[in-house]
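Trainee: In case you want the letters, here they are:
Protein chains: 4
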Amino acid sequence: SGQFFLLSGPCAIEGEDMALRIAEHIVKVTDKLKIPYVFKGSFKKANRSRVDSFMGIGDEKALKILRKVSETFEVPTITDIHEVSDATMAAEYVDVLQIPAFLVRQTDLVVAAAHTGKVVNLKKGQFMSPESMKHAVAKVTDSGNEQVIITDRGTMFGYQDMIVDFRGVPTMKQYAPVVLDVTHSLQQPNQSSGVTGGRPALIGTMARAGIAAGVDGLFMETHFDPANAKSDGANMLPLDKLEKLLTDLTKLRSTINSLD
Amino acid sequence: SGQFFLLSGPCAIEGEDMALRIAEHIVKVTDKLKIPYVFKGSFKKANRSRVDSFMGIGDEKALKILRKVSETFEVPTITDIHEVSDATMAAEYVDVLQIPAFLVRQTDLVVAAAHTGKVVNLKKGQFMSPESMKHAVAKVTDSGNEQVIITDRGTMFGYQDMIVDFRGVPTMKQYAPVVLDVTHSLQQPNQSSGVTGGRPALIGTMARAGIAAGVDGLFMETHFDPANAKSDGANMLPLDKLEKLLTDLTKLRSTINSLD
Amino acid sequence: SGQFFLLSGPCAIEGEDMALRIAEHIVKVTDKLKIPYVFKGSFKKANRSRVDSFMGIGDEKALKILRKVSETFEVPTITDIHEVSDATMAAEYVDVLQIPAFLVRQTDLVVAAAHTGKVVNLKKGQFMSPESMKHAVAKVTDSGNEQVIITDRGTMFGYQDMIVDFRGVPTMKQYAPVVLDVTHSLQQPNQSSGVTGGRPALIGTMARAGIAAGVDGLFMETHFDPANAKSDGANMLPLDKLEKLLTDLTKLRSTINSLD
Amino acid sequence: SGQFFLLSGPCAIEGEDMALRIAEHIVKVTDKLKIPYVFKGSFKKANRSRVDSFMGIGDEKALKILRKVSETFEVPTITDIHEVSDATMAAEYVDVLQIPAFLVRQTDLVVAAAHTGKVVNLKKGQFMSPESMKHAVAKVTDSGNEQVIITDRGTMFGYQDMIVDFRGVPTMKQYAPVVLDVTHSLQQPNQSSGVTGGRPALIGTMARAGIAAGVDGLFMETHFDPANAKSDGANMLPLDKLEKLLTDLTKLRSTINSLD
Numbered sequence: 001s002g003q004f005f006l007l008s009g010p011c012a013i014e015g016e017d018m019a020l021r022i023a024e025h026i027v028k029v030t031d032k033l034k035i036p037y038v039f040k041g042s043f044k045k046a047n048r049s050r051v052d053s054f055m056g057i058g059d060e061k062a063l064k065i066l067r068k069v070s071e072t073f074e075v076p077t078i079t080d081i082h083e084v085s086d087a088t089m090a091a092e093y094v095d096v097l098q099i100p101a102f103l104v105r106q107t108d109l110v111v112a113a114a115h116t117g118k119v120v121n122l123k124k125g126q127f128m129s130p131e132s133m134k135h136a137v138a139k140v141t142d143s144g145n146e147q148v149i150i151t152d153r154g155t156m157f158g159y160q161d162m163i164v165d166f167r168g169v170p171t172m173k174q175y176a177p178v179v180l181d182v183t184h185s186l187q188q189p190n191q192s193s194g195v196t197g198g199r200p201a202l203i204g205t206m207a208r209a210g211i212a213a214g215v216d217g218l219f220m221e222t223h224f225d226p227a228n229a230k231s232d233g234a235n236m237l238p239l240d241k242l243e244k245l246l247t248d249l250t251k252l253r254s255t256i257n258s259l260d
Numbered sequence: 001s002g003q004f005f006l007l008s009g010p011c012a013i014e015g016e017d018m019a020l021r022i023a024e025h026i027v028k029v030t031d032k033l034k035i036p037y038v039f040k041g042s043f044k045k046a047n048r049s050r051v052d053s054f055m056g057i058g059d060e061k062a063l064k065i066l067r068k069v070s071e072t073f074e075v076p077t078i079t080d081i082h083e084v085s086d087a088t089m090a091a092e093y094v095d096v097l098q099i100p101a102f103l104v105r106q107t108d109l110v111v112a113a114a115h116t117g118k119v120v121n122l123k124k125g126q127f128m129s130p131e132s133m134k135h136a137v138a139k140v141t142d143s144g145n146e147q148v149i150i151t152d153r154g155t156m157f158g159y160q161d162m163i164v165d166f167r168g169v170p171t172m173k174q175y176a177p178v179v180l181d182v183t184h185s186l187q188q189p190n191q192s193s194g195v196t197g198g199r200p201a202l203i204g205t206m207a208r209a210g211i212a213a214g215v216d217g218l219f220m221e222t223h224f225d226p227a228n229a230k231s232d233g234a235n236m237l238p239l240d241k242l243e244k245l246l247t248d249l250t251k252l253r254s255t256i257n258s259l260d
Numbered sequence: 001s002g003q004f005f006l007l008s009g010p011c012a013i014e015g016e017d018m019a020l021r022i023a024e025h026i027v028k029v030t031d032k033l034k035i036p037y038v039f040k041g042s043f044k045k046a047n048r049s050r051v052d053s054f055m056g057i058g059d060e061k062a063l064k065i066l067r068k069v070s071e072t073f074e075v076p077t078i079t080d081i082h083e084v085s086d087a088t089m090a091a092e093y094v095d096v097l098q099i100p101a102f103l104v105r106q107t108d109l110v111v112a113a114a115h116t117g118k119v120v121n122l123k124k125g126q127f128m129s130p131e132s133m134k135h136a137v138a139k140v141t142d143s144g145n146e147q148v149i150i151t152d153r154g155t156m157f158g159y160q161d162m163i164v165d166f167r168g169v170p171t172m173k174q175y176a177p178v179v180l181d182v183t184h185s186l187q188q189p190n191q192s193s194g195v196t197g198g199r200p201a202l203i204g205t206m207a208r209a210g211i212a213a214g215v216d217g218l219f220m221e222t223h224f225d226p227a228n229a230k231s232d233g234a235n236m237l238p239l240d241k242l243e244k245l246l247t248d249l250t251k252l253r254s255t256i257n258s259l260d
Numbered sequence: 001s002g003q004f005f006l007l008s009g010p011c012a013i014e015g016e017d018m019a020l021r022i023a024e025h026i027v028k029v030t031d032k033l034k035i036p037y038v039f040k041g042s043f044k045k046a047n048r049s050r051v052d053s054f055m056g057i058g059d060e061k062a063l064k065i066l067r068k069v070s071e072t073f074e075v076p077t078i079t080d081i082h083e084v085s086d087a088t089m090a091a092e093y094v095d096v097l098q099i100p101a102f103l104v105r106q107t108d109l110v111v112a113a114a115h116t117g118k119v120v121n122l123k124k125g126q127f128m129s130p131e132s133m134k135h136a137v138a139k140v141t142d143s144g145n146e147q148v149i150i151t152d153r154g155t156m157f158g159y160q161d162m163i164v165d166f167r168g169v170p171t172m173k174q175y176a177p178v179v180l181d182v183t184h185s186l187q188q189p190n191q192s193s194g195v196t197g198g199r200p201a202l203i204g205t206m207a208r209a210g211i212a213a214g215v216d217g218l219f220m221e222t223h224f225d226p227a228n229a230k231s232d233g234a235n236m237l238p239l240d241k242l243e244k245l246l247t248d249l250t251k252l253r254s255t256i257n258s259l260d
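Here the protein sequences come in this chain order: Y, W, H and U.
In this text, residue positions in the first sequence follow my numbering: the first is 1, and each later residue adds one.
In this text, residue positions in the second sequence follow my numbering: the first is 1, and each later residue adds one.
In this text, residue positions in the third sequence follow my numbering: the first is 1, and each later residue adds one.
In this text, residue positions in the fourth sequence follow my numbering: the first is 1, and each later residue adds one.
Be aware that a few hints might be false.
The list treats identical chains as one, so a pair stands whether inside a single copy or across any two.
[What the hints assert, rightly or not] Simulated crosslink set (DSBU-like; lysine-lysine; CA at most 30 Å straight-line):
| # | residue 1 | residue 2 |
| --- | --- | --- |
| 1 | Lys230 | Lys134 |
| 2 | Lys230 | Lys244 |
| 3 | Lys118 | Lys28 |
Worth flagging that the hints you see were computed from the coordinates, not collected in a lab.
So here's chain Y without its partners, still in its complex pose (with noise of 0.2 Å):
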């Protein structure tokens, strides 16, 4: 249909009333805008800055949360591996394997991801350019698995900085489908504190230059409570702001679709 898809819920799966509650209002308004959705949630938080950071409520606890968000909704789900045998495990219960940005140089991941014939979502290394991924994406795809996408999240700009590149996503759209992650690419990483840091009032901004620029899809972190959140609070869009958001970006969409 042409519209862009989304990639969306809480950072962390905190628990099960919470992400059952952010599912069911995505779903909402997704179902009324017509975006396809897929529930986000991260079984596990593996690379916190700090050793005493929340990492997880229990591996297979959370990924049980994330198949009954995909039972109750009908929607498909997403969460991030860190090692080769998350793979296999995580597949039994989701339908897109995500490579955080960290690890997408990691072959062995990636590979064990794409034989699972799940989609694999690979994020862009901070660290790495937009023609890189092409390698990337074919790590995969030589696996003999076509499912994959790119998101970007943002590249370093300097040590406490970030700055998405829009001219990538042309660029990575001759390798697979382009997602802008808006809320990481907010953040503001090694911030003295050992927390990172972010610019939530950019997200609009950020999410129409991304639809302007011609990205597939979207992926935001949301919380009904960002403040309280256990992770990425920093940079989270408040749950009640995403109608209003998704609405605006769907007719940016529309306006897009029509000028090609």
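Use these hints to put chains W, H and U onto chain Y, whose structure you have.
Mentor: Relative to the frame of chain Y, chains W, H and U by itself:
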């Protein structure tokens, strides 16, 4: 009317015929699309990479051509200045004085431009943050001139590349109207040849992202024969592609205006 | 004694003969110069740019060669690990476990390495600030292991270049002994070929600057035939240039020691 | 003799007493250490972040103080120029004309400096690659002046930080003698206050790394009371620390000279 405005023309005034020919074409297109238009042309190229690069046809000769364009088509004009003494000289011929990005920290130059009473267009230095443009704008307004605009032409990213930080648009709009310099932002400087490169295939992507991010105006250099232009041929828009591009951007702007 | 220490060897263990040949040469040189030496070799190359790049001769086979080098020349050895399960496996064969730069944010991996009781060498991520390594070091020491070192292998600068920030040396020495990875810091990643480039002619310059800036150790990959090495041939030091280089650096270190 | 040379003095000429007092101290130290010395002082601060920053005591007044320093202590002097007309004016008073980093692409200014016959010190733009300085040097030599030196004052790294790329030293030495501007390279620009910050605690580390990397000269701003200096107080070396620092660097240089 909520329409964006356009600063456009050739990089350098190479002669009267080419200036009039380019202006005529752009005036026709922008009249049709109701886009407020300012004709742009440099009377001198003062900061070329190499000493043997083209620097101009003569200052006064070029400035007179700018005035002729203005009188012929009843459009305002803009040119860039490089020394304090250029300010009063250029102000006799044009409506907008532009401070080049490399020179935007030169207090004397900015203040001299401000004192002419003309509109001052401050290019954001490739080495400056959006936030730091607040101080550059203040150099104009503290000199008693409230007519100031900011143009973003990209930020250094490594030695041989530039990137546009669209987060800067809402930031800089707090200080002054913001223009995206689409064509220069696609430059790739510091090439070993001593001639700056570019990626003109991305002009449409960048212009769309700029409009979506909320810029007030666009800056685009154009030429009927970029390959034979005397400067910046690597990134100018071919003149015959301007109408389709602006038509698309006008539609996009209309949608963006409807959202807020 | 105030001497710097050296981590050196081939990028990958390509076979027993080459490993012993390289170790023998370096041991002879470092014995002569009284430089504490640790033999380095990867048992697996897990994060190559392309799926068709060389990844190793077999994990256990390579680890046994590392043990043989250790027993033959009575030197400690270091290798890099990529998954939690690698930690205990590799710890049976080597003395120092290295966390690759891309993986230094993976808490599980760092903690698993710490729990082996071996020395842990944390490579600073190309996307991390010197200050942020404080939290990475804490993941080791909070796990009850005080034997941790930090190795700087450069920081991303644009898409295709890396730069060493020598300001980071005094900063990181507050957290742990600091090593400069001379050869990897001269890499040029994200080349269009999918093969990382390098600037080996600058090895001497960088090593000297590192010693002058106060590093505790140096990391340098070397091979008797870089052009035919199975990985990182673009930036390794030819083995026959090692003695002259280390002799010079020893003199420099002696002067530096005399200043403080 | 193989000794490095020194460009040093206050950031700005604030008055005759302070200039003579600083010069006297440095001359005494450099005479003792046999370091060729050039007194540095700006007669005007033309590119401050804010319009209300100190800009100078008057051009001619400051230039006369530079001449007085030169005559009193029999040392050459250096000052920076910002417009073409400054070149001949300043050339009457000083021995070396410096082109500021922001202005090094201004062909007219560089050529005007070259035509005075004075030594020209080109500061590498914070936005320029080492390789691109080849073209800047050619603007001087093609104007018939072979007396040109290059000074590196760091390169932009993100918006609020600078980094020195020591790989550039051997590169730029192919074009001209290379100086490391130690104190400015430790600046942190674009701070929200509109006042550039700095990290003076790292002066020793950077100067040592520079000597080790093979620079021909050092540039260091100094003041007997940095906290009360009228500009750049955030990164100047306190004058009473100069002798120890230069003594150490002389020993280091001697060792470096012995290696090649």
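Trainee: Compare the structure with each hint and give your call.
Mentor: How the hints compare with the structure:
Only between protomers do Lys230 and Lys134 lie at most 30 Å apart by alpha-carbon distance; the minimum there is 22 Å, versus 34 Å within a single protomer. Proximity of Lys230 to Lys244 under the C-alpha cut-off of 30 Å is restricted to the intra-copy arrangement: shortest distance 25 Å within a copy versus 48 Å between copies. With identical chains, the CA atoms of Lys118 and Lys28 are at most 30 Å apart within one copy only, with a shortest distance of 25 Å there and 53 Å across copies.
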